Amino acid sequence: MPKQLHKSDGVSLNFTLSHVKEQYAAFFIDMANATEYLKTVFKNFATKKFEFQEFLKQCYQIGNKSVSLISVTGVIIGLVLTIQSRPPLVQFGAVAMLPGMVAVSIIREMGPVITALICAGKIGSSMGAELGSMRVSEQIDAMEVSNTYPINFLIIPRVFAAIVMIPLLTLYADAIGILGSWLGINIKDTMSLRYFINQAFLSVDFQDVIPAVIKSFFFGAVIGLVGCYKGYNAGRGTESVGVAANSAVVTASLLLIIVDLIAVQITDLL
Amino acid sequence: MEKEANNVVIDIKNLKKSFGDLMVLDGITLQLHEKENLVILGKSGSGKSVLIKCIVSLLQHDKGSITVGKHELTDISEEDLIKVRRKIGFLFQGAALYDSMTVGENLTFALSRLKEKFSKQEIKDKITEALENVGLPDAIDKMPSELSGGMKKRIGLARTLVIHPDIILYDEPTTGLDPITSNEISNLINETKAKFNNSSIIITHDINCVKIVADRIVMIKDGKVYKDGKLEEFINDKDDYIQSFFK
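Residue numbers (the numbering used here), protein chains in the order written: chain A, 1 to 270; chain B, 1001 to 1247.
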């Protein structure tokens, strides 16, 4: 016997369809807003005065906020990679390759991606929350009505600070990660730091370093642009600040993985 | 688009603004004259703040026209909008001080980014003068978090005055203040007008403030102008809705 449809089924179906439609519409509106935002950021960067003092302040903020977290994470990643990779290499009698293998993994992938994800959490959320709270308390409106171009003062310095600082933090994370790897090797074996570094850098060349550094510039742009976009376009209520911060982290993290995938494909083709 | 308007500094005609299905302004027509304190009165949610945000193009109106000086705001160019905003000072409800900057930096921020260039000494003199005008000459190195509500409003007003605007828009300047501070702010609005000869629109539902500052009152109800007149006309009006404000 066929199931009899009730009025409530229709309501539920209608609700679901309208909900899906709304979500699609919201997605495309968001895309249009994001495109307009990017256009304005680039236009203002090209035509208006660059706020150099604010850029330096943001560079300091990004470096200062992230360096301790990146130090701890870097050491642990180096240690863990070394400890996990050692048994199979011992099995194949290739333990001498351990420093080089870990160094290449850290420089090509782990360093840039882990640094970017940490910064998306730390810096992206902070940008989203800070600008979101400025939007809620009408500080951005106050800048706008006094002709002081909030995009130039609030967004462009933050985005460029992220573009400059993320690659630097990535190089720092690479160095710390390799140091962690040396500590990892010295848990079971004994190896001098000089010998370890010689072994590690025998396997590393510029083709490993350059694409990773270029990739981290794009990671910086993603973190800066997304964090600022979410904060700058936050709603008017106080809960919007939390939503903006959360959304900045989630969106930036997702985009970072997508950018990484594209970067790996491009590097693979070269 | 350029227009000439005799003695009228802001001319609003049949202004409409809605948010989704909610019509907030439904054909507002009003004028602000030179050296006039115009109070816009209405209950919360009646669209008073929306109206003044449309005047500085923080919100785009749907229909009608807003003319500030010679400039009509519909489809205004960025260059003309800068000229319009240069003439207008806006005191936000919560003062909207930049909380990462000191009071001095708050005042310097707009001043140092104007097209007209000032020397460091000129900027310092202007800031000192603006802070003296609002009675807080010693607050220059304080952070906004160290200020009381009334002090924040005064600094907000100083930040507005420092660029010497022709028109000042006050968004609920006395909301959240005790009666004494509220009276001080209202008197400050009058002193500002006397000293700088500017025109003002004051959005409020504080009747004490209305009695102190109003040269003329426009009452808004359901997105429309309900009554436009002098304070005495409002006080003597027998209409229940009007009297609910003034009793």
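Please note: incorrect hints may appear among the correct ones.
[To be verified] Derived Cβ-Cβ restraints for the label pairs, each shown as a range:
#1 K39/A to K1195/B: 42 to 48 angstroms
#2 G237/A to E1233/B: 20 to 26 angstroms
#3 N1007/B to K43/A: 55 to 61 angstroms
#4 E1116/B to E109/A: 51 to 57 angstroms
The hints are simulated quantities; they were obtained by calculation from the structure and are not laboratory data. Quick caveat, the model's predicted, so the values are computed rather than measured. The beta-carbon is built from N, C-alpha and C at its ideal position, and this holds for glycine as well.
We went through each hint and held it up to the structure:
1. Between K39/A and K1195/B the beta carbons are some 43 angstroms apart, a value that agrees with the proposed interval 42 to 48 angstroms.
2. As the Cβ distance of G237/A to E1233/B is approximately 38 angstroms, the hint placing it in 20 to 26 angstroms is violated.
3. The hint said 55 to 61 angstroms for the Cβ distance between N1007/B and K43/A, and at roughly 38 angstroms that hint is violated.
4. A beta carbon spacing of about 53 angstroms between E1116/B and E109/A agrees with the range 51 to 57 angstroms that was offered as a hint.
Hint compliance for this structure: hints 2 and 3 are not met, and every other hint is.
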